[in-house]
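Undergrad: For chain H, the structure is supplied; the task is to place chain G on it using the hints.
Respectively, the protein sequence lines represent chains H and G.
Each step along the first sequence adds one to the number in full-length UniProt numbering, with nothing skipped, and position 112 is 112.
Each step along the second sequence adds one to the number in full-length UniProt numbering, with nothing skipped, and position 50 is 50.
Read the hints as simulated data drawn from the structure, not as lab findings.
Errors might be hidden in some of the hints.
To be verified - Cross-link-like lysine to aspartate or glutamate pairs, in silico, EDC-like; alpha carbons within 16 Å at most:
hint, chain 1, residue 1, chain 2, residue 2
1, G, Lys-134, H, Glu-133
2, H, Lys-134, G, Glu-133
3, G, Lys-143, H, Asp-127
4, G, Lys-6, G, Glu-62
5, H, Lys-134, H, Asp-200
6, G, Lys-143, G, Asp-127
7, H, Lys-143, G, Asp-127
8, G, Lys-246, G, Asp-91
There are 2 protein chains.
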Amino acid sequence: MDWKNKMSEYMTMVNDALENYIGEHQTVNAEVFEAMKYSLFAGGKRLRPIFSLAVCELLGKEAKQVIPYACALEMIHTYSLVHDDLPAMDDDEIRRGKPTNHIVYGEGIAILAGDGLLNKAYEIMIDHTLKLEKPILGLKAMKSIADASGTNGMIGGQTADLLNEGKEVDEKTLTYIHHNKTGALIAAALKAGSYMADADDNEAESWEKIGYTLGLAFQIQDDLLDIEGDASEMGKPAGSDERNKKMTYPALYGIEASRKKVDELTKEVQTFLKVYGNESNFLSALTNALMNRRS
Amino acid sequence: MDWKNKMSEYMTMVNDALENYIGEHQTVNAEVFEAMKYSLFAGGKRLRPIFSLAVCELLGKEAKQVIPYACALEMIHTYSLVHDDLPAMDDDEIRRGKPTNHIVYGEGIAILAGDGLLNKAYEIMIDHTLKLEKPILGLKAMKSIADASGTNGMIGGQTADLLNEGKEVDEKTLTYIHHNKTGALIAAALKAGSYMADADDNEAESWEKIGYTLGLAFQIQDDLLDIEGDASEMGKPAGSDERNKKMTYPALYGIEASRKKVDELTKEVQTFLKVYGNESNFLSALTNALMNRRS
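So here's chain H without its partners, still in its complex pose (with noise of 0.2 Å):
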């Protein structure tokens, strides 16, 4: 099958459950659920879902075993970018072309919507979870979750973003962000992903390792994007890093060598990948569009 259709099946396969996931609710916090919805159907690209589905199944099994914390993530993402956009913090009044969470419902609303998704999150992973016949193999993905989402990952990453906004940063910060702001869930993602697929815990950790560079290597071509990207298909305004005097890899090390370093990394990907052969081309191909990506 060619990559860009099983892309598109897993993408379906993550709206439809998420979809279902968000469930019913009763007139009277009717808001909050809308609110949900919008921000996680707003476009997202599934990154981090797809990314446990291809594990899951590249290691042998079906990828809907992973369903539920592969939503979980992509949950965890959203009420992320939600509480990221209000005014106490980025400030952001678009994303991904449309207007942000609080402008169309409200500060208060986004932050309880922000709220509700993460703990939905793990309402659906534990509720899974209590129905597995292996439930300490849903524990172990959850937990991988749950530690990469937490203050000594993507909100200690977020922390630091915050602290240090308009300041000069050293390469050992901009690390930090980076490795637990983006790198954090996409680790995590690939990590639950292999557990499911019943992994031991040392290749849940080299699936957890190879995530990091993955995570960085996305992080670094975003922040090349942000620069060079044209703003129509990026769907936020091209510099808006500078503007918002963010620190960036490229700001730090100048673009030519950000380029590089995407590429070095890259390559580890690749190089990890190979020894899957064939199994790992999905995983192959996406990461390849990734770094070649114009939006």
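TA: Below, chain G alone, put in the same frame as chain H:
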């Protein structure tokens, strides 16, 4: 043992465990840890965790069995207060006699500290459940807490509360808000405590049900104190609900009817507890103390 000694024994167990769970951090993300600790140790009564510990012990197991789930409940309760106090929500500057989180740390960090506490609650529960001999019990305790905290529980209640601020609400809406905003976490505390003492689903659900009764009594008593209480004892100005145009039970039914309702609900709880004989002495005394408190 006198119930007040028992209370302070439980309190020490919870505080020590919370201190321990907050854990290690690096310099770069220290601020979010400080903000989490600030609100977590701002003088909370630890009611929800103490309910969990007491139910677990009442049912014949060691109270410490439920500590991770009890502490998770306190973290979830605390995060909900941090977010609730934000300018976009209730806009409160004082809680328990101290400046609220965003007054001390700024709105951005307060949002992240709330997110961090919510996520940490799940990190702790997942970590512990992985080590259990019967992970299914931990998963059931987690499910009780997750469902109660979400958009069909506490967050749903906060949504309805936020959207109805300054409006005349009917009995149905007020019941929804109380049931979900306050009742759900108290009910989950009792339910989770019973699961960690090996209760079956039927028994756990009867604890959950009486938890909602207890939660409603507690909420009405809180609203009565807001009208009648002494500001210095309450840690917040008396009459703040009226100034914030919050709809309350006393505002809808009057003070006398509200007092009568508290008495009725308390009797219902005591009748339930009586079945357990002397084992329920602590919970019985605590319930009476809560309904006769002045702050």
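Undergrad: Run every hint past the structure and note whether it holds.
TA: Against the structure, the hints come out as follows:
no. : hint                    : verdict
1   : Lys-134(G) x Glu-133(H) : holds, 13 Å
2   : Lys-134(H) x Glu-133(G) : holds, 13 Å
3   : Lys-143(G) x Asp-127(H) : holds, 7 Å
4   : Lys-6(G) x Glu-62(G)    : holds, 13 Å
5   : Lys-134(H) x Asp-200(H) : holds, 13 Å
6   : Lys-143(G) x Asp-127(G) : holds, 15 Å
7   : Lys-143(H) x Asp-127(G) : holds, 7 Å
8   : Lys-246(G) x Asp-91(G)  : holds, 13 Å
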